[in-house]
Amino acid sequence: MENNGKTRYSDAELQEFKEIILEKMRVAKEELGSLAQSLSNPNLNGTDDTAGTYKTLEDGSATLEKEQINQLAARQKKFIENLEAALVRIENKTYGVCRETGKLIPKERLRAVPHTTLSMEAKMKQY
Numbered sequence: 001m002e003n004n005g006k007t008r009y010s011d012a013e014l015q016e017f018k019e020i021i022l023e024k025m026r027v028a029k030e031e032l033g034s035l036a037q038s039l040s041n042p043n044l045n046g047t048d049d050t051a052g053t054y055k056t057l058e059d060g061s062a063t064l065e066k067e068q069i070n071q072l073a074a075r076q077k078k079f080i081e082n083l084e085a086a087l088v089r090i091e092n093k094t095y096g097v098c099r100e101t102g103k104l105i106p107k108e109r110l111r112a113v114p115h116t117t118l119s120m121e122a123k124m125k126q127y
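Residues 1 to 127 (UniProt numbering) make up the sequence shown, in order.
Watch out, some of these pointers could steer you wrong.
[Stated by the list, open to error] The calculated lysine-lysine pairs, modelled on BS3-like cross-linking and capped at a C-alpha distance of 25 Å, are:
hint	residue 1	residue 2
1	LYS125	LYS103
2	LYS123	LYS107
3	LYS18	LYS6
4	LYS123	LYS24
5	LYS93	LYS107
[Stated by the list, open to error] Simulated DEER-style distance windows between Cβ atoms:
hint	residue 1	residue 2	range
6	ARG26	MET124	44 to 54 Å
7	LYS66	GLN15	15 to 25 Å
8	SER10	GLN37	35 to 45 Å
Hints listed in this document are in silico derivations from the structure and should not be mistaken for laboratory results. The structure presented is a predicted model; accordingly, all values stated were derived computationally and were not measured. Cβ atoms here follow ideal geometry from the backbone N, Cα and C, with glycine treated the same way.
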C-alpha cells in the first residue's frame, strides 16, 4: 500500500478520521459512565437472607468484580486519553504519520486503531 509520496493526510481525510475518533470517544465515555455507575451502585442480588456461610464468599466475589471494573475503567480512561491525543495530532496535521518511520500509516490501520502512532512495520520491530 503505497501512499504515492504523500507526507500527510489531506484536511478532508483528517476530517474523516476526526469523525471516527469522536464517535469512538463518545462510545468510550458512555462505557466509562456505565462502569462508574456499577461501581457506585453495587448490585443488590437480594441475598440478604442467605445463610452467613455464603457471605464471605460473596464479599470476595464482590471485591474481585470491583477490581475488574476498576481495571476496565482505567483502561477506558487511557483509551480516551489516547483518542484525545489523536485529535491534537489532527489539529497539528501530524495525524497518521508513523512516529518511528515518518511514513504515512495506511488508512485501514487508522480506521481500525485510530489512536495509533505506529505503522505495522514499526510495531512489528518492537517485538
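**Item:** Structure versus earlier hints - violations, ascending order
**Value:** 6 and 7
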